[in-house]
Amino acid sequence: MPPRRRRRSPSGEDSKTKRARVGQSTKQHKIQRPLAEYSLPFNGKKCISWFHEYTGPDEDTIAPEGMEKFCEDIGVEPENIVMLSLAWKLDAKNMGFFTLAEWLKGMSDLQCDNVEKLQQKLDYLRGLLEDHVVFKTIYRYAFDFARDKDQRSIDIETAKAMLGLLLGKKWPMFGMFNQFLEQSKYKVMNKDQWCNVLEFSRTIKPDLSNYDEDGAWPVLLDEFVEWTREQQQQSMG
Amino acid sequence: MPLSKAPEPQLHDQRKSEENNHHKKRRFSGSNQVPPSHHTPASKKSRQDDSSPEMTDSQKRANFSALTSPSNGLNKHASQLVTNKPGTTKKLVIKNFKEKPKLPENYQQQTWLMLKEAVEAIHKKCSIKSSLEELYKAVENMCSHKMSATLYENLKTVCEDHVRDNIHQFLGETMDSGQFLKLMDTCWQAHCEQMIMIRSIFLFLDRTYVLQNSTIASIWDMGLELFRVYIISNTLVQTRTVDGLLMLIERERNGEAVDRLLLKSLLRMLSDLQIYQEAFEVKFLAATDRLYCAEGQKLMHEREVPEYLSHVDKRLNEETERLYHYLDQSTRKSLVTCVEKNLLEHHLTAILQKGLDMLLEQNRIQDLTLMYQLFSRVKDGLKELYVACASYIKKSGKMIVINPDNDPDKDRDMVQSLLDFKDRIDNIVAVCFAKNEKFVNAVKEAFETFINQRQNKPAEFIAKYVDSKLRAGNKEATEEELERLLDKIMVLFRFIHGKDVFEAFYKKDLAKRLLVGKSASVDAEKSMLSKLKQECGGGFTSKLEGMFKDMELSKDIMLAFRQHTSNLDVPGSIDLNVNILTMGYWPTYTPMEVHLPTEMVKYQEIFTKFYLGKHSGRKLQWQSTLGHCVLRATFAGGDKELQVSLFQTLCLLMFNEGHVFSFEEIKQATAIEDGELKRTLQSLACGRARVLIKSPKSKDVDAGDKFKFNNEFKHKLFRIKINQIQMKETQEENVSTTERVFQDRQYQVDAAIVRIMKTRKLLSHNLLITELYNQLKFPVKPSDLKKRIESLIDRDYMMRDKDNPNQYHYVA
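Quick note, the sequences are listed as chains P and Y, same order. Counting with UniProt numbering, you get residues 1 to 237 for the letters of the first sequence. Counting with UniProt numbering, you get residues 1 to 812 for the letters of the second sequence.
If you are wondering where the hints come from, they were derived from the structure by calculation, not from laboratory data. There's no promise every hint is true.
Claimed, not checked - With a straight-line cut-off of 20 Å between C-alpha atoms, the simulated SDA-like cross-links for lysine to any residue are:
hint, chain 1, residue 1, chain 2, residue 2
1, Y, K802, P, E65
2, P, K170, P, H132
3, P, K191, Y, Q807
4, Y, K787, P, H132
5, Y, K667, Y, A703
6, P, K185, Y, E790
7, Y, K555, Y, K499
8, Y, K619, Y, M558
9, Y, K444, Y, D509
10, P, K191, Y, Y810
11, P, K191, Y, R795
12, P, K191, Y, A703
13, Y, K787, P, D212
14, Y, K488, Y, S527
15, Y, K787, P, K46
16, Y, K518, P, D148
17, Y, K395, Y, V440
Stated by the list, open to error - Just the calculated beta-carbon pair ranges, DEER-fashion:
hint, chain 1, residue 1, chain 2, residue 2, range
18, P, A101, Y, T770, 42 to 52 Å
19, Y, E739, P, D150, 23 to 33 Å
20, P, S184, Y, N766, 20 to 30 Å
Claimed, not checked - Below, a sample of chain P positions facing chain Y; criterion: calculated Cβ distance under 8 Å:
hint, residue
21, F97
22, T99
23, D144
24, D148
25, R152
26, D155
27, D192
28, G215
29, A216
30, P218
31, V219
Don't be surprised by glycine CBs; every beta carbon is placed ideally from N, CA and C.
Could you build the full structure based on these sequences and the hints that come with them?
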């Protein structure tokens, strides 16, 4: 997930950690596990020791570096939306971090105590995103997840990245919306605006024919519609 | 006296009805009273008339007794009655004639011959051989001998022959229509005269036989019937008559003088013959319709609206005259409607479009009055008129209010123009439109619409206008005039939606007036305040009232302070006056720290101590921007008093210490902010009263300039007021005042939303918006409301429903 990287570590550091991680992971790969291990019942101790594979010995939080390694182990890019689904399952509070408590609770719900078991669950986690109702919950969760905890709103860059992740493929107008945000003076997006973008993407037709200016849409979306119509008129004229 | 020459047409009807009355009397009461004589044609006859009813009665009675005598029951009965009376023994017996009296033979033929001769003589207009009395008696006798029916038939035949013969004179081809009409008139008059004469002779027949048989027409009616059947029912005659009449009327409409009596007589004939409506009126109305339809279209095109209207008025008057002089009254309604329809109703919109704006613009009172009167005659006329007036007001008002180039001159004159405009329109409504309520309301509505088409500015200018009128030195009006003016301004104020803008600017100006002591009169101020209070309620004026209270309290405090200081050893000879302004009542002023001379500082401290000693727990903040002083200055030309602001004072006091100072030095010493200092020095060195000399000389002050005391300063007055240069300041103030108003509005919107949500708990977006518009008293855009809603959602005062984004929940 790019926003995490951008916020947590400036780009210079980023490349360093990446290099470090590559070295680490080659070492880890030498540890062999029995193939049938994923069929064994869930084991709490195993789960905890799995957690510590990505942290320092006495730490109780997986930090961004550990997270990247974790992603690599389960064979998923950090930017993949399934990671959001997983984070939601774990009820993770902060993007780029898993605490031990979140890990234990979430992994035991998923009955996973090692990489293979989790890999088997990935399809299930992807499936969650297809569910209309669950997706909405995950979408709303994503706002708080991506939010700086001392802020009420998320900054516009994070918002754009997260929207791209969540709606990029589902919403035909996402490109326009992104462009609109580029040129607008908005610096942050609040939760109400965030939630309404999903509603908008779900109910409003791409030609905007069923958009009601007198409705309760946040002004941000009113302006988006106005802007889009102007663009369309310009391209037509 | 021919009947149809009766001066009033109604008389004809009256006579008929009286005849009916008479009829009834005769039948039911059997009275032998003399009937009213006015239906008898000549006085000579009336003498005969007097005797006739009695005779009729006696004969009737004789007949009656003859019929009943054989049974004699009545007599017996009478005798019984008689016998009951004591002392009467004689009987009176009445016996029948032994032989019935006989009429001479040939009586019928002979008498009729005599009568016929007489009738024919009347027809031929020669003298009658027999005396009228004889003839009358003859008729009476014939009737008495049951010859009425024959007599009536014979009479009818004779008249019929005569009338039938009359037709020939009308069939000649060569007559022109004038002649024809005259001939017709003569013939008709003669017919009437003759019939009256005949009727008088045959009166007895008319009163007995005809009255007793409802199917038989009276002699007069018979005459009319004959005339109708044989003369006027002839198609040629009828068309010629009617066409002739129509032509006469048309000629009169075209302005020629015509014989109105002829017209009147012939039209009376038509109504008497009961063919007025079918033969004449229909054609007449059609012709009228055609004429005015064409005329309306033509003149609408050719003439200016005022001329057109007066033409319509003229036409209506002419037609009314026509009704008065010769047309039948039954035509009134359809005729007037026809004219109104063709000349007005069809052209309402065109008239309004073409001429109303011009009339209103030029204040053409008379034309507008006429227009109102005419329009009130037709359906929807007034409605169209006031709608058009309203749209004119909106259009012209908008021209006054909207100022696309932001021309300051125009803005300055706006309120005066509005007042003048309102006066003009009010006058028109009162004088021309009869203060019609619909018009009054339309005017109100129109003013409200256009005045709010430009946001905030009108409110601001009204406030400033009031300020200019209430400020001292405004000598142009007496107190009553001022009062009237304020009332007028209140009318404009009532139209304004954003009253808070007005309040903000009014408050700012009021503060200036009060603090500088420039208010023209306390009474006027109080009166304006009470007007505002009446209009907007106490909440609106509470702060303004607070300002007045502050001023009064300050006076008391100063009295106490003077007493206090008289016991103290106070440095210098400064007289200090302090106004204590309650925060919140007054406009907000940004405090500005400046370096005051030590004497002043000392004095301030004394006051602060004194004040806080009286009111502990309060905080005093000195507003240096509002201060002003009177300085004594000694010039070469003599002593002067300078009335200046505190900042000006600070600059001037420096010149007690030295002769020349640079801008920088002054700035250092006084600590007045750059822009303010520039303006201050500009007022002292570049204004009208130049007590300082600036080098280099120029209109504006620059940072590098130097200032020198102008010892040569001369002025004709002893006390000189040097105004601060205010131009730029007011603009800044203006912006900040407006901003503050908007900020206040945001809070009001927030408060309203929370208030509504708190009572409703759950509300849809649209209902919330509607409710907000009901509660908020200033104009807001829906998007502004949405922004406030979003802000409140963001601040957790409310939340959007998770599943329905159009619903809001109140968050406790």
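**Hint check, failures only** = 1, 4, 7, 9, 12, 15, 16, 21, 22, 23, 24 and 26
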